[in-house]
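Enquirer: Following our numbering, the numbering of the sequence shown begins with 1 at its first residue and continues without gaps.
Worth flagging that the hints you see were computed from the coordinates, not collected in a lab.
Take these hints with a grain of salt, some might be off.
[Said to hold, decoys possible] Straight-line Cα separation of at most 25 Å, SDA-like style, residue types lysine to any residue; simulated pairs: (1) K64 with I13; (2) K14 with T51; (3) K14 with H39; (4) K14 with T47; (5) K64 with T54; (6) K64 with Y52; (7) K64 with T51; (8) K14 with K64; (9) K14 with I46; (10) K14 with N63; (11) K64 with R43; (12) K14 with R29; (13) K14 with I69.
[As the list claims (entries may be wrong)] If you anchor each label on the Cβ, the simulated ranges turn out as follows: (14) F65 with N2: 30 to 38 Å; (15) N2 with V36: 20 to 28 Å; (16) V68 with E19: 21 to 29 Å; (17) R55 with T3: 29 to 37 Å; (18) V60 with R29: 17 to 25 Å; (19) S32 with N2: 17 to 25 Å; (20) D20 with I69: 16 to 24 Å; (21) R55 with R29: 15 to 23 Å; (22) N2 with D23: 12 to 20 Å.
Fair warning: this is a prediction, and the values are worked out from it, not measured in the lab.
C-beta: ideal position from N, C-alpha, C; glycine also.
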Amino acid sequence: MNTALQQINNQFIKLTCIEDGMDYIAYIRVGSVTGVLDHGSRRVIITSDRTYYTRDSFSVINNKFSMVIN
């Protein structure tokens with residue numbers, strides 16, 4: 001794998017997530033994300049080891065990924 005791609009995959013994005021009614025900060029490794037879904041009032045971030053729920057909009061999530069990739 002080329003070095004630039006490895007550096008992107010190893011970057012983290014910071015999201016405010018929710019679980020059991022409590023907000024928490026999650027640092028999600030970009031390379032582990034396998035999907036982002038809309039689930040009503042929440043967005044679902046699927047990674048290789050767990051699922052995160054966030055109230056952040058798709059545009060906020062997209063901006064955070066864009067900052068890492070650009």
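Enquirer: None of the hints should be skipped; say for each whether it holds.
Expert: Now the hints, each set against the structure:
1. K64 with I13: Holds, at roughly 6 Å.
2. K14 with T51: 15 Å, holds
3. K14 with H39: Holds, at roughly 20 Å.
4. K14 with T47: 14 Å, holds
5. K64 with T54: 13 Å, holds
6. K64 with Y52: 15 Å, holds
7. K64 with T51: 18 Å, holds
8. K14 with K64: 8 Å, holds
9. K14 with I46: 15 Å, holds
10. K14 with N63: The hint holds at about 11 Å.
11. K64 with R43: Roughly 14 Å separates the two Cα atoms, so the pair holds.
12. K14 with R29: 9 Å, holds
13. K14 with I69: 14 Å, holds
14. F65 with N2: 30 to 38 Å: At 19 Å between Cβs, range violated.
15. N2 with V36: 20 to 28 Å: 24 Å, holds
16. V68 with E19: 21 to 29 Å: 24 Å, holds
17. R55 with T3: 29 to 37 Å: 35 Å, holds
18. V60 with R29: 17 to 25 Å: Since V60 and R29 have Cβ atoms about 18 Å apart, the given range 17 to 25 Å holds.
19. S32 with N2: 17 to 25 Å: 18 Å, holds
20. D20 with I69: 16 to 24 Å: 32 Å, violated
21. R55 with R29: 15 to 23 Å: For R55 and R29 the Cβ distance comes to about 21 Å; the hint holds.
22. N2 with D23: 12 to 20 Å: 37 Å, violated
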